[in-house]
Amino acid sequence: MSHAPIPNGADPLDLLGTDTLLTDEERLLRDTVRKFVADKVLPDVGEWFDAGTFPKEMAKEFGALGVLGMHLEGYGCAGTSATAYGLACTELEFGDSGARSFVSVQGSLAMFPIWAFGSEEQKQEWLPGMAAGDLIGCFGLTEPDSGSDPSSMRTTARQDASGDWILNGAKMWITNGSIADVAVVWARTDPDGPDRGAVRGFVVPTNSSGFSAPAIHRKVSLRASVTSELVLEDVRLPASAVLPGVSGMRGPLSCLNEARFGISFGSVGAARACYEAALAYAGERVQFDKPIAGFQLTQRKLVDMMVKVQRGTLLALHLGRAKDEGTLTTPMISFGKMDNVRMALEVAREARSVLGANGITTEYPVIRHMNNLESVYTYEGTNEIHTLILGQAITGLQAFS
Amino acid sequence: MNVVVCVKQIPDPADPGALDPNTKTLKRDGKLILDESDSYGVEMALQLVDAAGGGEVTLVSMAPNGETAGLRTALAMGAAKAVLVSDDALQGSDALGTSKVLAKAIERAGQADLILTATESSDGYTGTVPEQIAELLSLPSVTFAKSITVDGSSVKVQRQTESGYDDVECPLPAVVSVTAGVVEPRYPSFKGIMAAKSKPVDQVGLGDLGVDAGSVGWAGAGQEIVEIATAEARAASTVVEDDGEAFQKIVDMLAELKIV
Ligand SMILES: Cc1cc2nc3c(=O)[nH]c(=O)nc-3n(C[C@H](O)[C@H](O)[C@H](O)COP(=O)(O)OP(=O)(O)OC[C@H]3O[C@@H](n4cnc5c(N)ncnc54)[C@H](O)[C@@H]3O)c2cc1C
Ligand SMILES: Cc1cc2nc3c(=O)[nH]c(=O)nc-3n(C[C@H](O)[C@H](O)[C@H](O)COP(=O)(O)OP(=O)(O)OC[C@H]3O[C@@H](n4cnc5c(N)ncnc54)[C@H](O)[C@@H]3O)c2cc1C
Numbered sequence: 429m430s431h432a433p434i435p436n437g438a439d440p441l442d443l444l445g446t447d448t449l450l451t452d453e454e455r456l457l458r459d460t461v462r463k464f465v466a467d468k469v470l471p472d473v474g475e476w477f478d479a480g481t482f483p484k485e486m487a488k489e490f491g492a493l494g495v496l497g498m499h500l501e502g503y504g505c506a507g508t509s510a511t512a513y514g515l516a517c518t519e520l521e522f523g524d525s526g527a528r529s530f531v532s533v534q535g536s537l538a539m540f541p542i543w544a545f546g547s548e549e550q551k552q553e554w555l556p557g558m559a560a561g562d563l564i565g566c567f568g569l570t571e572p573d574s575g576s577d578p579s580s581m582r583t584t585a586r587q588d589a590s591g592d593w594i595l596n597g598a599k600m601w602i603t604n605g606s607i608a609d610v611a612v613v614w615a616r617t618d619p620d621g622p623d624r625g626a627v628r629g630f631v632v633p634t635n636s637s638g639f640s641a642p643a644i645h646r647k648v649s650l651r652a653s654v655t656s657e658l659v660l661e662d663v664r665l666p667a668s669a670v671l672p673g674v675s676g677m678r679g680p681l682s683c684l685n686e687a688r689f690g691i692s693f694g695s696v697g698a699a700r701a702c703y704e705a706a707l708a709y710a711g712e713r714v715q716f717d718k719p720i721a722g723f724q725l726t727q728r729k730l731v732d733m734m735v736k737v738q739r740g741t742l743l744a745l746h747l748g749r750a751k752d753e754g755t756l757t758t759p760m761i762s763f764g765k766m767d768n769v770r771m772a773l774e775v776a777r778e779a780r781s782v783l784g785a786n787g788i789t790t791e792y793p794v795i796r797h798m799n800n801l802e803s804v805y806t807y808e809g810t811n812e813i814h815t816l817i818l819g820q821a822i823t824g825l826q827a828f829s
Numbered sequence: 060m061n062v063v064v065c066v067k068q069i070p071d072p073a074d075p076g077a078l079d080p081n082t083k084t085l086k087r088d089g090k091l092i093l094d095e096s097d098s099y100g101v102e103m104a105l106q107l108v109d110a111a112g113g114g115e116v117t118l119v120s121m122a123p124n125g126e127t128a129g130l131r132t133a134l135a136m137g138a139a140k141a142v143l144v145s146d147d148a149l150q151g152s153d154a155l156g157t158s159k160v161l162a163k164a165i166e167r168a169g170q171a172d173l174i175l176t177a178t179e180s181s182d183g184y185t186g187t188v189p190e191q192i193a194e195l196l197s198l199p200s201v202t203f204a205k206s207i208t209v210d211g212s213s214v215k216v217q218r219q220t221e222s223g224y225d226d227v228e229c230p231l232p233a234v235v236s237v238t239a240g241v242v243e244p245r246y247p248s249f250k251g252i253m254a255a256k257s258k259p260v261d262q263v264g265l266g267d268l269g270v271d272a273g274s275v276g277w278a279g280a281g282q283e284i285v286e287i288a289t290a291e292a293r294a295a296s297t298v299v300e301d302d303g304e305a306f307q308k309i310v311d312m313l314a315e316l317k318i319v
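Chains as they are written, first to last, in the working numbering: chain X, 429 to 829; chain G, 60 to 319.
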């Protein structure tokens, strides 16, 4: 039995026509980042990955584009919608998770806490330079012995009689650490002090005495990104270095919510890159006298990937609209981060198989994305932690400890 | 210094274009975008205004259905404002009709020191509009600019030729067409994109410009498209088998095509 012919004209890269859900302005913004990535990231990112570097000069390029802290208002930031920020993350991560990580860390993890919880002086001092990409920021929460349970952190901040703060401890896996001009560091205060041991955030210039940030090597994932350790040995800071607007774990967690939102979008970009590479390859690669795209098993893979990418796009857009309307909740963010990163990893692995042996080289983007996504799966709340957040949201029972 | 840039909004070249069998012209009812050819003129204008230390860039465009998407891109790059001519009576306008309308729109845009266009559009590419605008405005016309410098009341242009360039100079105001690819158009910055939505677009019809509807559109077209036909499929390419002398055959072929 033969099937009636399927009308052609469907867009293989956007079968559902999700593009129609965007405004003209959002499309212009998206296309601008897409072109930027095509011009400035894609030609070199394979080499950055192979060499294990992310060129610091990219910061100024990102700054000129306006992508750093783009969804914040004032202080040299563009003040776009959250959805627009998400769309930019998608395009950046279409290039590489490392490029998106740089922008996430700068905008959501370093600029956001200063913008949301900083004093006017802190904002004036740091934000314009960070928005322009003249100054690079990093975010120090994770420690060697404190990952998924950040409230178990051991880094301390003690205030001496003069009012100065003295920081001691070590942070681990810190994106941009070695290239940063400023670190937002979270540390536990004196249990007997005025903050009663609450975690506070500190704006730490990286040229402070006692501060060092050795790079972490031998990574096989997120290689086009700088990952570092932060070592704090009696780092003395003035009283004005503390972020005055927040006390307790709400501080770092609200930054993470910002970045996780961006990852819900970003991961779709990585998935789309893998799907596009597999679709193109399958159309050209001939075995048994026909393009492998003509085999049923390959079509099943391609369709699976296409459906996943489109579903992930819809999910991310829904979260974007909710954030702009002010109705986005923490479990919704966990849904997006958990499901879209898992989706992207599945698509990457499937795409890898379609490319056969070519799929294992960095000549093609697929295995680079696949390896990168292992980091994305773990950072910003592991897949398991987001599962537990959702588990608690639907059962009312916490299963963390 | 005030620079007017003519920017054409065209159907996205990435989507397959289609001809309307009734009007025999390109269908322009879908979304239109900024013609990439014009992004060089916009960039050049922004650089000239920067170099002059003051003034602004004004865009002029003629397009159906009040289309502004392409204008917003150029406004996001840094242009200050735009005049958009949109009128049902413009359907069927040929290059001369288009030039008449653009000339009036340029006058409406205010006192301009310099008017820039591309050398030819990506969809129509008659490459005749710039010179016709200059004639209608009684201004000097310089074509194929690869670099432009303004010096007081005159403009110096390096005019691209087959073997290099000519240095030419003429008094301002003037109409100069800019060769594609001679500058790198900036990315619209996000601040620019956010600001673009509040920049003024002066949308006008033929009446506002004092253009007689009979002199443009189908009514005014001096040309008629009598027939459209599917282009011949590209002929099979020539395969040169290398018997040790293939290079000579290829060189001869290229010489015949006047490429070498
Ligand atoms: C490339 C990269 C960049 C990073 N950048 C930064 C940065 O800029 N700033 C920063 O502060 N941190 C950063 N991190 C750290 C990251 O956030 C942590 O790795 C992450 O929070 C997990 O912590 P962990 O690695 O210590 O794993 P652990 O917390 O030790 O977890 C190990 C495993 O146990 C599971 N697990 C833990 N607790 C539970 C539980 N209760 N129930 C079930 N399973 C559980 C986890 O899900 C995981 O599978 C980065 C990490 C990477 C890889
Ligand atoms: C008989 C005939 C009928 C036509 N009918 C139609 C029709 O019904 N609908 C239709 O849309 N087109 C129609 N066209 C095509 C359209 O009118 C041409 O695109 C127009 O004449 C401009 O010519 P061009 O694109 O070849 O300009 P070129 O001379 O190649 O353009 C050079 C430069 O001039 C400027 N410029 C040109 N056009 C514009 C513009 N509209 N706005 C701003 N700047 C501009 C740009 O900077 C451009 O790069 C028709 C053409 C012919 C010959």
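Keep in mind the hints are simulated off the structure, nothing from the lab.
Since the structure is predicted, the reported quantities are computational estimates derived from the model, not experimental observations.
The reader is advised that the hints may include incorrect statements.
[Stated by the list, open to error] Within a straight-line C-alpha distance of at most 25 angstroms, the following computed BS3-like cross-link-like pairs (lysine-lysine) qualify: (1) X/K551 with X/K484; (2) X/K488 with G/K205; (3) G/K90 with X/K463; (4) X/K551 with X/K488; (5) G/K86 with X/K484; (6) G/K250 with X/K468; (7) G/K256 with G/K90; (8) G/K258 with G/K90; (9) G/K205 with X/K463; (10) G/K215 with G/K205; (11) X/K468 with X/K488; (12) X/K484 with X/K468; (13) G/K215 with X/K488; (14) G/K215 with G/K90; (15) X/K488 with X/K463; (16) G/K205 with G/K258; (17) X/K551 with G/K90; (18) G/K308 with G/K140; (19) G/K250 with G/K90; (20) X/K718 with X/K484; (21) X/K463 with G/K215; (22) G/K140 with G/K317; (23) X/K484 with X/K463; (24) G/K256 with X/K463; (25) X/K718 with X/K468.
Evaluation of the provided hints:
no., hint, verdict
1, X/K551 with X/K484, "holds (23 angstroms)"
2, X/K488 with G/K205, "violated (28 angstroms)"
3, G/K90 with X/K463, "holds (19 angstroms)"
4, X/K551 with X/K488, "holds (19 angstroms)"
5, G/K86 with X/K484, "violated (46 angstroms)"
6, G/K250 with X/K468, "holds (20 angstroms)"
7, G/K256 with G/K90, "holds (18 angstroms)"
8, G/K258 with G/K90, "holds (21 angstroms)"
9, G/K205 with X/K463, "holds (24 angstroms)"
10, G/K215 with G/K205, "holds (11 angstroms)"
11, X/K468 with X/K488, "holds (12 angstroms)"
12, X/K484 with X/K468, "holds (13 angstroms)"
13, G/K215 with X/K488, "violated (33 angstroms)"
14, G/K215 with G/K90, "violated (37 angstroms)"
15, X/K488 with X/K463, "holds (17 angstroms)"
16, G/K205 with G/K258, "violated (29 angstroms)"
17, X/K551 with G/K90, "violated (41 angstroms)"
18, G/K308 with G/K140, "violated (56 angstroms)"
19, G/K250 with G/K90, "holds (24 angstroms)"
20, X/K718 with X/K484, "violated (45 angstroms)"
21, X/K463 with G/K215, "violated (32 angstroms)"
22, G/K140 with G/K317, "violated (45 angstroms)"
23, X/K484 with X/K463, "holds (20 angstroms)"
24, G/K256 with X/K463, "holds (21 angstroms)"
25, X/K718 with X/K468, "violated (36 angstroms)"
Consistency with the previously given hints fails for numbers 2, 5, 13, 14, 16, 17, 18, 20, 21, 22 and 25, ordered from lowest to highest.
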